[in-house]
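Residue numbers (the UniProt record's numbering), protein chains in the order written: chain A, 1 to 99; chain B, 1 to 99; chain C, 1 to 99; chain D, 1 to 99.
It does not matter which identical chain is meant; a pair holds if it fits inside one copy or across any two.
For lysine-lysine, the following DSSO-like pairs were computed, each having C-alpha atoms within a straight-line distance of at most 27 Å:
#1 Lys27 x Lys95
#2 Lys95 x Lys57
#3 Lys2 x Lys27
These are calculated hints, taken from the structure and not from any lab test.
Protein chains: 4
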Amino acid sequence: MKVIIDLCVVPMGVGVSVSQYVAECQKVLQEAGLKHQLHAYGTNIEGDWDDVFAAVKECHTRVHAMGAPRITTSIKVGTRTDRDQSMQDKIDSVKGNDA
Amino acid sequence: MKVIIDLCVVPMGVGVSVSQYVAECQKVLQEAGLKHQLHAYGTNIEGDWDDVFAAVKECHTRVHAMGAPRITTSIKVGTRTDRDQSMQDKIDSVKGNDA
Amino acid sequence: MKVIIDLCVVPMGVGVSVSQYVAECQKVLQEAGLKHQLHAYGTNIEGDWDDVFAAVKECHTRVHAMGAPRITTSIKVGTRTDRDQSMQDKIDSVKGNDA
Amino acid sequence: MKVIIDLCVVPMGVGVSVSQYVAECQKVLQEAGLKHQLHAYGTNIEGDWDDVFAAVKECHTRVHAMGAPRITTSIKVGTRTDRDQSMQDKIDSVKGNDA
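The following block holds chain A by itself, in its conformation from the complex (with noise of 0.2 Å):
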């Protein structure tokens, strides 16, 4: 099955300041070989679903082995069976209304 998700991981306890655990889970992404595109609230990821989760349960592992005790993150995750779409054309139909 192929997923669209949005991923935001929010680790707590280590301070204010978090890019570095961001910028960890990029190099996981980068790892896995998955087509990714950070933006200002989280990264967008496409992928097949086991692909996928796996990468961002090795976020996980890897944000809590950098030190962080705590970690909370939000994901949204987009299937379809009508048609395949990738995360362009997703951006591509909105603009395509745009006229």
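Fit chains B, C and D to the supplied structure of chain A, relying on the hints for placement.
The following block gives chains B, C and D in isolation, referenced to the frame of chain A:
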């Protein structure tokens, strides 16, 4: 890795009432033997990471099988390494601060 | 416009335990006279759009005033024009499909 | 109070394609003069709390007016008192950790 999640599955393209799909997801959680608690905007689930996310995937599979061509799901995911905490513990610790 | 929301306020930079901040938000909701129900990963709130979002803003104001330098909050927001529905109605309609 | 949010408006009961509704929300944000950036699973928005949430309410009003009987929206809301930070700053601070 132990996890507490909040799950909200939204079938799209099936009309305005989605309670039968949510009820099917409750069945998935029961069959999986996962501790869970329905609320007005989602379901709290507690268990091992792999068991919990296998159930989330099964929810998508079943809801598509029931005829929903598209699903958008919101998940909050909490893990912690500092101590063990159940869903009930989280509620109790807030209420303990209510005095 | 009537709204049902699910609110999860996460203070950052204040250590690993955040229950006192969540308890303060419960107080805000009580003072605002809004119907609300705490669960293990957030709080369901029901009311008029403006009243509910004024309370959400007040939660941010109070949690910052308690010393949290940064807050990240997740909100799910439901509105409908086809019929009136309470938080309890939503739960009942899922349970009615459980038979 | 300055805020950065991530907004994802999901109209229900209108069929499987929702891009015209998302496009209308983009128009709302433009009319409001709010800095915003569409991504594949939502839109980042930056501005004063009251202006941003007035726009979110207007999105619900317009999407209902277009015929959607039900809407479920996900919002992430970030505020901080320790320093001023823009959407671009957030992206830059993650990328600065990528070295």
